Amino acid sequence: MTVFTISGLTFREAARRKILLAALLLGLLYLVIYGVGFYYVNQDIANSQFTTGLLELNQIRNFLFMAGMYVVNFLTVAMAVLTSVDTLSGEIASGTIHTMVSKPLRRWEIVVGKWLGFVGMLSLYLLLMAGGTVVLVFLISGYTAPNLWRGMGLLWLNAILLLGVSLAGGAVLSTLANGVLVFGMFGIAFVGGWIEQIGSFIQNQTAVNVGIISSLLIPSEALWKRAAFEMQSPLVSALGFSPFSASSMPSLVMVFYGMIYAILALLLAIRLFNNRDL
Amino acid sequence: MSKTIRTEALRKEFGEKTAVADLTLEVERGEVFGFLGPNGAGKTTAVKMLLGLIYPTSGTGDVLGAPLGEHRSRNKVGFLPEHFRFHDWLTAEEFLYLHGNLYQMPARVLNTRVPELLQLVGLENHAEKKLRAFSKGMLQRIGLAQALLNEPDLVFLDEPTSGLDPVGRRLVRDIIRDLSEAGTTVFLNSHLLSEVEITCDRVAFIRHGEVLTTNSLKSLVEGELTVEIKAYHLNPKILAGLARWSQNIRADGDHLSLTLTSEADMPSINRYLVEQGVDVFSIRPKQLSLEDLFIQVVGTEGGL
Chain X
1060 MTVFTISGLT FREAARRKIL LAALLLGLLY LVIYGVGFYY VNQDIANSQF
1110 TTGLLELNQI RNFLFMAGMY VVNFLTVAMA VLTSVDTLSG EIASGTIHTM
1160 VSKPLRRWEI VVGKWLGFVG MLSLYLLLMA GGTVVLVFLI SGYTAPNLWR
1210 GMGLLWLNAI LLLGVSLAGG AVLSTLANGV LVFGMFGIAF VGGWIEQIGS
1260 FIQNQTAVNV GIISSLLIPS EALWKRAAFE MQSPLVSALG FSPFSASSMP
1310 SLVMVFYGMI YAILALLLAI RLFNNRDL
Chain E
8 MSKTIRTEAL RKEFGEKTAV ADLTLEVERG EVFGFLGPNG AGKTTAVKML
58 LGLIYPTSGT GDVLGAPLGE HRSRNKVGFL PEHFRFHDWL TAEEFLYLHG
108 NLYQMPARVL NTRVPELLQL VGLENHAEKK LRAFSKGMLQ RIGLAQALLN
158 EPDLVFLDEP TSGLDPVGRR LVRDIIRDLS EAGTTVFLNS HLLSEVEITC
208 DRVAFIRHGE VLTTNSLKSL VEGELTVEIK AYHLNPKILA GLARWSQNIR
258 ADGDHLSLTL TSEADMPSIN RYLVEQGVDV FSIRPKQLSL EDLFIQVVGT
308 EGGL
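Going down the list, the protein sequences come from chains X and E. Residue numbers for the first sequence follow our numbering, so the first one is 1060 and each next one is one higher. Residue numbers for the second sequence follow our numbering, so the first one is 8 and each next one is one higher.
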């Protein structure tokens, strides 16, 4: 089937152009640095006279774990955008797409094929990075954060959502403009998320509303916050504020909105690519 | 249905600019069809519309019996774009397999077809080489192989010889002739008129996105022609005898110039002159070249 030919091509391209290699090496480097750091911090707190209770120890371990997942989220999102940002626009600009679209296939097959290829790559990458973090934390300290699958699923959805936006942008914009668009939107969501978090902390409704609107514009930060909420230790939720955790937790409606958003982004990409002249 | 391509008033506007104003043409099955025009005349846009890469603003058409844009109509179509850019991190062999897969050709067929085509375009020793390392001429050749993968009924070649040296051009000409003999329709976009002159059965002249005229090349060649003759022992009586072939005779010492209506008269003239005791040194037809015709039809304003 043509869709899988395109997916395979997408995979092969990433491998041949050493994108996979670079991502894997940097991922491993992250895991090494994280593992060493976590090992020494864990040793210190375990030997400290101030933190003796297991509950207290696990709070700190959870905090460190969330710091790792924060990095994993960011790297996966960056990977989603950077690898896909020029896949359509680049091939349209160079004319590579001409010999493909003139084949007996429908244009949606190209978009869906590329999408599936990237989804496969991102899934592997996320599994390696998040899974590696989880395993390291467990091996060093014996601690496991709650709701890991749910949390990782949300990070996955976040990457897929941005992938869809990047493909949709790439169907009509130049590579550079598309990069500016996607990272710009990601930045808006990021800032909006923090404004909402602080607003909720100081109980300022306007700030909270700004955050909600930015989450509707693109729910990527909301998905991270929901993932953080799922994986944080129950005590932190009760305390209500930590830089990596969600104080005003996005609702399940927002998660659902994220799913719809990711699907619509893909459909939009198909539609835009389908309707344009090449 | 014997028409391979049929279009009716195809029109394409990009914003304010009209790229193709009115494209109405018919291409017969099995013919080599030359599409000529100055740069910017809308040739590439026209081809892209026929391939479903560009959507026409108005007008209709069908290719191999299926309406424009219908993906199944491209099943038996091959295409070599003008600005061929391929995935340059693939090897020549992988590249052909990829495009074979896009044609949904079974692996069994590709295993014989790919080496066959590499041989045809003279790249059999570069099968393992990445396209990145290919010269422009080699890319053109592999692009041509790609366009022939599915043994197409119709091939679009957009400036197929532009990057090629004389050897490569000869190769492309031979391939076009073989295709034509096998009954494949070839749609050739070219501004290399000598190329078209040698290979095409019919030509269409296009300017400002409009087909000005469509001619059979044979009829062009067989049209009025001037013949230059060099001969000794000419006399007025002999010259008067030539009047049955030509009303337009100019004699200048040993040189004669006469206008004929058909090439077929040349042997008779030769026979007549020899019978009259004239020593004939040469009889040279001076045909109206395609280039002359191009200038005559399209004008000299050139492409903008």
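These are computed hints drawn from the structure, not numbers from a lab. Being a predicted model, the structure only gives us computed values, none of them experimental. Heads up, a few of these hints could be off.
[As the list claims (entries may be wrong)] Computed list of lysine-lysine pairs in BS3-like fashion (alpha-carbon distance at most 25 Å, straight line): (1) K83/E x K24/E; (2) K244/E x K143/E; (3) K137/E x K1077/X; (4) K136/E x K1077/X.
Hints breached by this structure:
Hint check: 1, 2 fail, others pass.
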